[in-house]
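**Q** Chains as they are written, first to last, in our numbering: chain A, 1 to 332; chain B, 1001 to 1361.
Simulated from the structure, these hints should not be mistaken for laboratory data.
Only a predicted model underlies this, so the values are computations on that prediction, with no experimental measurement involved.
Over 10 Å on every C-beta distance to chain B, these chain A residues come out as not near it, computed from the model: (1) TYR80; (2) ASP121; (3) PRO157; (4) MET286; (5) PRO304.
Coverage of chain B stretches by chain A, computed from C-beta distances (three or more under 8 Å per stretch; other residues unrestricted): (6) 1167–1176; (7) 1202–1214.
Using N, Cα and C, we set each Cβ at its ideal position, and we do this for glycine too.
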Amino acid sequence: MKDPVLEIRDLNVDYGLGDQAVHAVRDVSLTLHRGEVLGLAGESGSGKSTLAYGLTRLLPPPGVIRGGQVIYHPAAGPAYDVMALSHAELRAFRWAETSIVFQGAMNSLNPVYKVSTQLLDVIRAHEPRMPASARLARARELLRLVGIAADRMDSYPHQLSGGMRQRVMIGMALALEPQIVIMDEPTTALDVVMQRQILRQLIELRERLGFSVLFITHDLSLLVEFSDRIAIMYGGRIVEEAPAPALYRDSLHPYSDGLLHSFPALRGERRELTGIPGSPPDLRNMPTGCSFHPRCSKAFEPCPDRVPVLGHPRTPDGRTRTVACWLHPATG
Amino acid sequence: MTIRETPAAPTTEVVLEAAGLTKHFPVRRKLRSLFKPVRFVHAVDDVNLTLRRGRVTALVGESGSGKSTVARLLAQLYPRTGGEIKLHGQPTRVRGGRAFRAYARRVQMIFQDPFASLNPVHTVRYHLTRALRIHQRAGRTPADLETALCDLLTRVQLTPPERYLDKFPHELSGGQRQRVAIARALGADPTALLADEPVSMLDVSIRLGVLNLLRNLKERLNLAILYITHDIASARYFADDTMVMYAGRMVEGGDSETVTQRPAHPYTQLLIDSAPDPDQIQGGTGSVPRDAGGGEPPSLIDPPGGCRFHPRCPAVMPRCSTDLPPRLEIGDAPGHWAACWLYDPAGAAPSGTPAAREIGS
Ligand SMILES: Nc1ncnc2c1ncn2[C@@H]1O[C@H](COP(=O)(O)OP(=O)(O)OP(=O)(O)O)[C@@H](O)[C@H]1O
Ligand SMILES: Nc1ncnc2c1ncn2[C@@H]1O[C@H](COP(=O)(O)OP(=O)(O)OP(=O)(O)O)[C@@H](O)[C@H]1O
Ligand SMILES: [Mg+2]
Ligand SMILES: [Mg+2]
Chain A
1 MKDPVLEIRD
11 LNVDYGLGDQ
21 AVHAVRDVSL
31 TLHRGEVLGL
41 AGESGSGKST
51 LAYGLTRLLP
61 PPGVIRGGQV
71 IYHPAAGPAY
81 DVMALSHAEL
91 RAFRWAETSI
101 VFQGAMNSLN
111 PVYKVSTQLL
121 DVIRAHEPRM
131 PASARLARAR
141 ELLRLVGIAA
151 DRMDSYPHQL
161 SGGMRQRVMI
171 GMALALEPQI
181 VIMDEPTTAL
191 DVVMQRQILR
201 QLIELRERLG
211 FSVLFITHDL
221 SLLVEFSDRI
231 AIMYGGRIVE
241 EAPAPALYRD
251 SLHPYSDGLL
261 HSFPALRGER
271 RELTGIPGSP
281 PDLRNMPTGC
291 SFHPRCSKAF
301 EPCPDRVPVL
311 GHPRTPDGRT
321 RTVACWLHPA
331 TG
Chain B
1001 MTIRETPAAP
1011 TTEVVLEAAG
1021 LTKHFPVRRK
1031 LRSLFKPVRF
1041 VHAVDDVNLT
1051 LRRGRVTALV
1061 GESGSGKSTV
1071 ARLLAQLYPR
1081 TGGEIKLHGQ
1091 PTRVRGGRAF
1101 RAYARRVQMI
1111 FQDPFASLNP
1121 VHTVRYHLTR
1131 ALRIHQRAGR
1141 TPADLETALC
1151 DLLTRVQLTP
1161 PERYLDKFPH
1171 ELSGGQRQRV
1181 AIARALGADP
1191 TALLADEPVS
1201 MLDVSIRLGV
1211 LNLLRNLKER
1221 LNLAILYITH
1231 DIASARYFAD
1241 DTMVMYAGRM
1251 VEGGDSETVT
1261 QRPAHPYTQL
1271 LIDSAPDPDQ
1281 IQGGTGSVPR
1291 DAGGGEPPSL
1301 IDPPGGCRFH
1311 PRCPAVMPRC
1321 STDLPPRLEI
1331 GDAPGHWAAC
1341 WLYDPAGAAP
1351 SGTPAAREIG
1361 S
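The whole structure should be built from the sequences, with the hints applied where relevant.
**A** Below, the structure is given as structure tokens:
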């Protein structure tokens, strides 16, 4: 399990150049291990999608990678830096090793083709030698995995509900049998029964096929249940990373705590929802010091002046987690 | 940013009422099957629904169960296959033109996707001005218009209004965009607002803000609101009443606290049991703890006979596959009903079946 498959080191991504640049991802280091589900959570605008696009070099302009490395460890053969690949190598990497479900993917199906046609195309591109009947069977199987009845295969995208389109996209991503699956808010349009069903399928498939998942969402409650580790992003930086149960039971960063208390609870007493006061930082005009300090109820003397570094806290489980907060200064 | 308790609704005047609402979409035929009978997607069947002034009614249910279709039927964006819609007691059937505009003035819709519902090449000012003009509320002078615009933005708490008026959609965050969409809907000065998943694309911190805003509007403007969501926990906090839909049919309804805390229909029970419950994690190395309920959503082209949930139902009885259950009173709270044979007073439920129960116990 502790075998890394993707190591992001000091990744920096900007939108635009020079003075106009927005630093959307700042000094992010994050490791995805083989066979694990790594959750990435944070408010809207915190840079989650930018990070996902950046590490696969799919950034739309004016996005630019300003620095950093993304080391990929293939199942066989030597590790290499994705940032240093040529375009041809990059295409091969993306096609064979990763698949991404983009945010808002439900609007990216081609409206003029049937769902079946689009799914079959993906399977054909991936496995050109597969006979047509086997492709069809595979397409049916994939739709079944995401809970779409086979008699809806010949629907056009506009004939499916929002959640059904989202599920088709998840099915397509799995069609490629990749090493790394990156999912950017893949289940926002789905009800909990369906979410759970799809996530269970994903976990089962992961066990069978051994891929790793980077799962991006703002739904922390979902992440807590089924990911192995969770990283929290704020203002372009990772501010905390910990095993899922530890993050839920004792989050160290006040921002993580705020996120955890923003959900209405279904069970037990109706709780007052506090949310997080204030609004997300303006990336063009970041607060000094810790960028969360203006919204933080626990801010104290060093917070407005100095940026806390991400490091191991002095807690008993300190070696298994990192946090960037002056309440828990990094050891060593 | 906190969600407050609502006091009992000030008035219960019915604004919008649907009875027997039905929508079947024809399935496109292939040339070679022209001689087979036309088939239909049974998207919505026999739905009854009442929206009252000053009340939020939540509509929850599985993806693909027909929630958006119900909203579009209520907004008269689709012709209906059957049933009746009454606005302030008057039966309505409008197809485009003047009648549609008059209807839309009363009943406005907010769409699921804040990223797609605003035109990227136009500013906030353009969107809102257009809404005001269509509904003849732009006033006579440019100053009137400016006042009306600022008033709309203030209502959705985008203040100061001047900061937002000339922005393009891509310059706004998701939550701000959804507020603009709500402002545009309010531009018609409606009595009913149909909000189709207004917050599901937004993150938690913004979500609370938009929900509180809708609640605030309900109270201040005495609106009737239909709140479509797949997040039943938010229905508990935000809606007065909750209705549950499964595969095109309503299966349960009642006040939100009762439906979420004592779900009666086995589908609602499954829905609630599936909600993320972080307190249940067991040290979680990626295991999904409780049974996800298994089973798959049914085909709507050839829906199951009897109760549409019966193939997945843990409490299924022989009659469930043949007889359609009517709305049956549960009796634990006024107005709590479920379309499920478990609650048939005539055929007492066999022992061992889950009847209405407390959750979380
Ligand atoms: N094309 C662009 N030009 C300038 N700034 C951009 C562009 N795209 C994104 N940004 C900015 O970069 C920041 C990070 O955006 P990103 O989409 O990565 O956030 P996110 O965490 O994925 O948010 P969400 O939860 O809303 O999807 C935001 O502040 C956004 O405004
Ligand atoms: N124009 C159409 N033609 C054919 N079928 C349609 C059309 N529009 C919707 N449907 C079908 O009707 C059913 C209900 O769709 P609807 O969009 O109302 O679901 P929903 O409950 O809103 O789902 P979601 O939660 O995923 O948004 C689905 O099976 C869908 O495929
Ligand atoms: Mg994003
Ligand atoms: Mg919908």
